[in-house]
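Trainee: Here is how the chains run, residue by residue.
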Amino acid sequence: MKKMLMVDHSKCTGCRLCEIVCSVKKNGAVNPTRARITVIKWEPICVETPMLCQQCDSAPCIAVCPVKALARDEEIGRVAIDYDLCIGCKFCVAACPFGAMGIDPVARQVIKCDLCDGDPTCVKFCETKALQYVDASTVNITKMREAAGKLSELLRKSAA
Amino acid sequence: MEEQRIAYIDLTTGEIRKELIPEKMRKMYLGGRGIDVYLLYNHLTLGTDPLGPENVLTVSAGLLGGTLAPSSGRCHIGAKSPLTGLIGSSNMGGFFAPELRFAGFDHLVIKGKAEKPVYLWIRDGEIQIRDAAHLWGKDTSDTPAIIRRDHHDEDIKVMCIGVAGENLVRFANVLGGLKNAGGRTGMGCVMGSKKLKAIAVRGTQDLAVRYPEEALGCLERLTGLIRDNMIFQVLSKLGTPMFHADSNQLGRLRNRNLQRNQVPDGESLYADKLEKFSIGMAACFGCPVHCRHRYVVPEGSDQGSYVEGPEWSTLAALGTELDIGRMEAVLVGNNLVNKYGIDSLEFGSMVSWAIELYEKGIIDDEVTGGLKLEWGNEQVMYEMVHKIAKREGLGDILAEGPLRAIEKLGEESRYYNLHCKGMSCLHTDERATPAMALGIATSTRGADHLRSRPGPDALLLPQETRDNLFGFAVPPKVTSYEGSGKLIQWYELLYTVSDALGVCKFQALFLSPSTVSYDDYCQLTRCITGLELSPSEMMEAGERIYTLERMFNNREGAGRRDDTLPERYFVEPTPLGIRSFKDKTIDRERFEQQLDEYYEAHGWDNEGIPKPETLERLGLDKEPSHII
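Here the protein sequences line up with chains Y and R, keeping their order. The working numbering applies: residue 266 is where the first sequence begins, and numbers increase by one. The working numbering applies: residue 86 is where the second sequence begins, and numbers increase by one.
Please keep in mind that the hints were generated in silico from the structure rather than gathered at the bench. Glycine included, each C-beta is placed from N, C-alpha and C at the ideal position.
Derived pair list, reagent style SDA-like, types lysine to any residue, alpha-carbon separation capped at 20 angstroms:
#1 Y:K291 <-> R:A293
#2 Y:K306 <-> R:R287
#3 Y:K290 <-> R:R295
#4 R:K196 <-> R:D216
#5 R:K322 <-> Y:D273
#6 Y:K290 <-> R:E299
Derived DEER-like restraints, expressed as beta-carbon distance ranges:
#7 Y:D338 <-> R:E352: 51 to 61 angstroms
#8 Y:A360 <-> R:E100: 40 to 50 angstroms
#9 Y:A401 <-> R:E352: 44 to 54 angstroms
Build out the structure end to end from the sequences listed, making use of the hints.
Mentor: Next comes the structure, spelled out in structure tokens:
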């Protein structure tokens, strides 16, 4: 796995552009309910959280698939669906702990994020970089640097 | 074109009819504010009582609403205005309009009056009129929460009125989110008169995109353009309060009902002071700019609640206008007006007027019910919000809006009320900026900057650059008269087009010269809907829509004499500000010349009536034509 889709929930402004572009990229029409990413909102408390497939290493959806239609694709670092094998039993929908396995009512099949084969469309449109497609080996370095910056600032202040 | 529908809903009979929108109407009026005015002109007749069952309320998504156009979440709401008696027209951001489209509808045309409180429940092509007894009396944040709970769905989008709308406050607004308001011209009052508490919508249908890959490419280019633009970078952090400091330093702010145009120690309300309270920025549907502040109410009975705002206009209306300088008070006030569903701009102006009348001895304790109306008094502001929303005492009088309140408080009060066509002026001072003054005077919905405000930064560019940008000679300075008639007409068309497309006008040529252009709107329209329109055809659609709004007003008897400014603008010079903003009044004679120039640019005669050849050119000569 070289790259991964990293979500920083604190940066999401709730604009839903990710849902819009995802649904157009995948279906050629705007329809957030058919998108592979969903911004979950609690409007009264101003909370927004983009939810999508975490591409688990030990994926519950793979474990429960009775026909082995789901498998890890190590090249892209994702859990992939083989629609030729899928029988549409929806066990994976029930098993996913994030609700990230959805159903497209029009195509009548299960759907999930496939990282657009290594070039995720949603990332290109995310203005605040709440969604980033980053090198897996250095995924934490930006956060680490931010934290280190704060720490050194505090140390400097306490010394002054 | 995809199959989007108009729903005609009669609240008296319960009849609901659904019809497709002919492509010809799309080409002529686009959608949103465009189809809205066509519906209003055709479904209303002269002299309709704005609060009677015969008034028509329209709720509309734009032609590009909920699609791959940047920030396509705008919702347009129209009716005959109970405030002005002319065209009512209000535009709000948020997520309501896209959801309406996902449910299969672009326009709702609501007629009649329910016997008891109701709300509309719209889901995927189905519309039900439901009992709202349990919602009546609830504020604008509880109402959506109850509806979502009743339907077990957090993703339902709701537009609703608060207690002010129920009590027929003539400037009651419609809330489509924590602060997304269809603020102006009293559309909440019309909903209240129909006993329509809310419209709740949930949609899961496809919105077709004609050329998906090209549309995605176009959006990627435009979001890049917006993201790289410094103005939008600042707007993303500070929101519209970013304009406050600049306006105050120039001397372009309204303070104490226009007695002053600057607050000498006004820094306490500058945008950077909001940062302490802001808990982050929120975006409307599909918008890369996210210009809405979120904050936690810092004090008072709602302390700890999560809310949104204030916009710059509200900051000025509840703050500088009333001489209140404490940010906490503005934040508490902002939450109050939003929960009651009151237009903050109208509120600030009416209360400011009352305080000056009290100060000048024109009204006394008997009228105010013993309330000492004074500048800078936070309690007076809070008290007046409650009184107006509940229509108590002086609040009952102010709730009637400028025209009727003047009648009640007497001839002497008239001079001090700042309104155009019966809608209160903004909380800016246009005495030093003739083009902007002309814009609020000519606006079809009454005093308002969002109908024609020229992009101020564009005006500071070199003359040649500006002339190239607009394609005609623009005024040499922001303080010039010459050329402003054409400039205002040009901006009226642009903002009309953005309201008809259902996109945010902040990303049109509002703030920056390098942003989304007519060419881009045409490309988006083509690759999203398949409709081929050239930039000039799109501009002409704007002209058609604006002229039909004008015809609506003319039909009600409005004309040149209504395209004017409050007397104060002509006779009292600005006392403060930088040199070019100080000692300024609007010159009456030059104002009239501007008006002539403006009418000529529109193809209207000297009385502001569209000429027959203009009507023919725009295809308006047979209106009302009753196609939809």
